[in-house]
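There are 2 protein chains.
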Amino acid sequence: MSYHSLSLEEAIRYAANLPGIFPENADLQVREIGDGNLNLVFHIKDSRSGASVIMKQALPYAKVVGESWPLTLDRARIESEALQLQESLCPGLVPHVYAFDQELALTVMEDLSDHIIMRKGLIEGNRYPLFAEHVGKFMAHTLFYTSDLGMNQQAKKQQVKRFVNPELCKITEDLIFDDPYTDSSNNNYNPLIREEVEKLWRDEELHLEVALLRESFLTHAEALLHGDLHTGSIFITPESTKMIDPEFAYYGPMGFDIGAVVANLLLNYAGQEGWIKDAGQRSEFRQYLLDTVRDVWGHFSRNFVQLWERDNVDRMARTPGYRDLYMKKILRDTIGFAGCKMVRRIVGLAHVADIDTIADPQVRAHAETIALNIGKALIKLNRKAESIEEVIAIAEQYAK
Amino acid sequence: MSYHSLSLEEAIRYAANLPGIFPENADLQVREIGDGNLNLVFHIKDSRSGASVIMKQALPYAKVVGESWPLTLDRARIESEALQLQESLCPGLVPHVYAFDQELALTVMEDLSDHIIMRKGLIEGNRYPLFAEHVGKFMAHTLFYTSDLGMNQQAKKQQVKRFVNPELCKITEDLIFDDPYTDSSNNNYNPLIREEVEKLWRDEELHLEVALLRESFLTHAEALLHGDLHTGSIFITPESTKMIDPEFAYYGPMGFDIGAVVANLLLNYAGQEGWIKDAGQRSEFRQYLLDTVRDVWGHFSRNFVQLWERDNVDRMARTPGYRDLYMKKILRDTIGFAGCKMVRRIVGLAHVADIDTIADPQVRAHAETIALNIGKALIKLNRKAESIEEVIAIAEQYAK
Chain A
1 MSYHSLSLEE
11 AIRYAANLPG
21 IFPENADLQV
31 REIGDGNLNL
41 VFHIKDSRSG
51 ASVIMKQALP
61 YAKVVGESWP
71 LTLDRARIES
81 EALQLQESLC
91 PGLVPHVYAF
101 DQELALTVME
111 DLSDHIIMRK
121 GLIEGNRYPL
131 FAEHVGKFMA
141 HTLFYTSDLG
151 MNQQAKKQQV
161 KRFVNPELCK
171 ITEDLIFDDP
181 YTDSSNNNYN
191 PLIREEVEKL
201 WRDEELHLEV
211 ALLRESFLTH
221 AEALLHGDLH
231 TGSIFITPES
241 TKMIDPEFAY
251 YGPMGFDIGA
261 VVANLLLNYA
271 GQEGWIKDAG
281 QRSEFRQYLL
291 DTVRDVWGHF
301 SRNFVQLWER
311 DNVDRMARTP
321 GYRDLYMKKI
331 LRDTIGFAGC
341 KMVRRIVGLA
351 HVADIDTIAD
361 PQVRAHAETI
371 ALNIGKALIK
381 LNRKAESIEE
391 VIAIAEQYAK
Chain B
1 MSYHSLSLEE
11 AIRYAANLPG
21 IFPENADLQV
31 REIGDGNLNL
41 VFHIKDSRSG
51 ASVIMKQALP
61 YAKVVGESWP
71 LTLDRARIES
81 EALQLQESLC
91 PGLVPHVYAF
101 DQELALTVME
111 DLSDHIIMRK
121 GLIEGNRYPL
131 FAEHVGKFMA
141 HTLFYTSDLG
151 MNQQAKKQQV
161 KRFVNPELCK
171 ITEDLIFDDP
181 YTDSSNNNYN
191 PLIREEVEKL
201 WRDEELHLEV
211 ALLRESFLTH
221 AEALLHGDLH
231 TGSIFITPES
241 TKMIDPEFAY
251 YGPMGFDIGA
261 VVANLLLNYA
271 GQEGWIKDAG
281 QRSEFRQYLL
291 DTVRDVWGHF
301 SRNFVQLWER
311 DNVDRMARTP
321 GYRDLYMKKI
331 LRDTIGFAGC
341 KMVRRIVGLA
351 HVADIDTIAD
361 PQVRAHAETI
371 ALNIGKALIK
381 LNRKAESIEE
391 VIAIAEQYAK
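Line by line, the protein sequences are chains A and B.
Each residue of the first sequence is one higher than the last, beginning at 1 in the UniProt record's numbering.
Each residue of the second sequence is one higher than the last, beginning at 1 in the UniProt record's numbering.
Treat the hints with care, as some may be off.
Identical chains blur together in the list; that is why a pair holds if it fits in one copy or across any two.
What the hints assert, rightly or not - Capping the alpha-carbon separation at 27 Å, the derived lysine-lysine pairs in DSSO-like fashion look like this:
1. Lys137 x Lys400
2. Lys329 x Lys380
3. Lys328 x Lys380
4. Lys400 x Lys45
Worth flagging that the hints you see were computed from the coordinates, not collected in a lab.
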């Protein structure tokens, strides 16, 4: 079937013909549940057996604030290949892919309707005691085993080739590593923080660090990244965590994924200004978020070191002292990228609901200022950082 | 024509049929002038008009010290595409490619028989007053315009894909960044320096630096490198310099190319122990070599900075302070890679004639020890280096 966006009827017919998913006598029901910006997302369920799948079809454009950007359908291939690779490296932490249709840019995958989007869960004040363990393990396994440390170094080069992803990378390069630091028409911010934003545009010490982080994003092909690992790309329950939507997957610096997780926990942390009114309760939830930041790094780094000791394929990487330098580099990148990802969510094109849905503009401005201050401080810290505790201290300092 | 290695007769027939190179009534003469290890190289000349070309055909294996390694024919495509790209960025400094035949892995290119291999020229004591200017310009232009600084950053990612080169990179990874630092069966060294070599195997401070440089080679996709820019890959006359044989081309750290040039000048410098008997004359030629090292860096960096000012496509790269940090990183990488390339030519599988053809094993051991000491010192200096003058000082120190 040549590419066209599927109608609901076509989606049902397509699903009914998939081998081994639905019984012969299935009574399939379909709902389109995507946000319609980038993809169609069909939820298809057999009302008799209860069996269900998700079919995600890439659209050839992206609608962002009304504008329509053409976008390659190849991102569907990248997403489905990344999901399958991640599942093979780290079973249970991504949705299972049943099938991929290159022509239709369509992925058939596990239905996770019993999970909710983590961002929503955090805004509702839920806690996820297993999240840090799960995401730490996910990042350690996917990053280690796709890097020159954990896989054949010639096969890695072929894998780099498979995951060359220029169009999606460009979105990151512009929206994270450029626009927020100049008066770009792509920017979008609360007029109440205009003064703070203008300071950002003039802060050359900050720009220097961002230029270095941008360089790392552009050139350091360390591992296959998820590439967009914010809390909106994580489906969660108290018992289960699933990383979804890796259409930004490409070979880049490991700290970019870890930084995304840290940044989004801290964005929620800043946003609590608008959600929990009681100061004591707010402070307690914030403590939970900071503990989670610490634990994400802790689980990641312990898992990563364990894999290093067990499965390192690079003789030279066993040189005494090298692993410690490597872990420090990941930490520093994590902190720098976390900062960039916070700043862009306040000043740049795409925001986060944790802060943007705070109704009172004054309260929102306060939350935004907290996030901006933490983000800037992390960016300025990055090359000097020695411990994740410095991140916690910065977050505490600006949310007093 | 499906792949097979061409006979002399076939080579003539092939050349005669090339459009626009030889006249109708040409009387073509052929000689096979390759070393037979990796490629066939046919020199084809019309004895009437004097017109001539080189036809280089890749062989599907490499013969290195008797062993036969299978090697991809795709390296011929990489070489011809790299040559054409380099010529477009920097005319006059590489042989012109007339045609490329993918099936036969055959490149038809400009005949440079009036040039000699620079390594040979230096061993004979020749000086090349324009070399530093030429190679500095070549490296600045090819590295700048294939990097995220000098070309569209999305097109660069597609170019990275075209130049993924796992097999040739593996040779570098093993022979430069691994074998020399352990008792590998690939190693090959003068028994008279066995003690020095064993020290190298135990020197963990050195191994740590090599591990970091290896990581940079494996992951830092900064620019399209020549990938093997030693003085045996340079055809030269006092007026003209041509960089040849870029079959190792791939996206890597810029300092790797510059380091290759520096290392090979310094290997000749060490080798002078065996060539110029008169101490005064030897010291004078060595001064010329050190001046050339200084000038190579000087021409490279001045050209590179000029291109940066004129043609930088990255807004963030114009941040004050960034360019200086970038140049310092290139300098440090240059020094580290130069050191690695010196050590591997003394201890590893493939040596250089500048040292290896010194007949007296004692004199050779002396030259080898000088090269090894300079190489180790450069490797240990790399992350701390501030100026090319430190390289000169190290070279002078060990050749006293």
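For each hint, the structure was consulted:
1. Lys137 x Lys400: Neither. Shortest intra-copy (32 Å) and inter-copy (55 Å) distances fail the 27 Å Cα cut-off.
2. Lys329 x Lys380: both (15 Å within a copy, 20 Å between copies)
3. Lys328 x Lys380: Both, since 16 Å and 20 Å are each at most 27 Å.
4. Lys400 x Lys45: neither (48 Å within a copy, 82 Å between copies)
Hints 1 and 4 from the list above are not met by this structure, while the remaining hints are.
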